[in-house]
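Numbering (the working numbering), first residue to last: 246 to 347.
Please keep in mind that the hints were generated in silico from the structure rather than gathered at the bench. The C-beta atom is built at its ideal place from N, Cα and C for all residues, glycine as well. Wrong hints could be hidden among the right ones.
Derived DEER-like restraints, expressed as beta-carbon distance ranges [what the hints assert, rightly or not]:
| # | residue 1 | residue 2 | range |
| --- | --- | --- | --- |
| 1 | Gln285 | Gln314 | 34 to 42 angstroms |
| 2 | Glu311 | Trp284 | 33 to 41 angstroms |
| 3 | Met324 | Asn275 | 21 to 29 angstroms |
| 4 | Thr339 | Asp304 | 31 to 39 angstroms |
| 5 | Leu309 | Glu286 | 15 to 23 angstroms |
| 6 | Glu281 | Lys338 | 18 to 26 angstroms |
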Amino acid sequence: VRARQLTLLRFMKDPENNPEIWPDAHWPENHQPASEQEWQEAIRGFESELEEMIWIVQDTNRQLFEVQQNGKTLSWAAMTALHHNGYHIGQLKTIGRQLGVW
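The whole structure should be built from the sequences, with the hints applied where relevant.
Below, the structure written as structure tokens:
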């Protein structure tokens, strides 16, 4: 989830230099945190990146609907992140319920 969000955030921050936003068959390796600390840092990083994305959307000087060189807009990237994160958070919730932890 974080890898995709970061790719979309990079595009939103600098679309001219980050046009590759959804490479074919992009699946990062199945990394497992080596420690609780690494896991918590990943969570904080995800939250920080999401806050930055929200800040970009709220910035009235950004042209959210301007079509970029790759044919996408900043609003498209924000909505894609929203949908992608929501889908995977739903998956995590489903697994948590099946395991009886939520």
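Comparing the hints with the structure gives:
1. Checked against the given bound of 34 to 42 angstroms, the beta carbons of Gln285 and Gln314, roughly 37 angstroms apart, stay inside it.
2. For Glu311 and Trp284, the hinted distance range of 33 to 41 angstroms is satisfied, since their beta carbons lie about 38 angstroms from each other.
3. Take Met324 and Asn275: their Cβ atoms lie about 27 angstroms apart, and the range 21 to 29 angstroms holds.
4. Separated by about 35 angstroms at the C-beta atoms, Thr339 and Asp304 satisfy the suggested range of 31 to 39 angstroms.
5. Separated by about 30 angstroms at the C-beta atoms, Leu309 and Glu286 break the suggested range of 15 to 23 angstroms.
6. A C-beta distance of roughly 21 angstroms is found between Glu281 and Lys338, which places it inside the suggested range of 18 to 26 angstroms.
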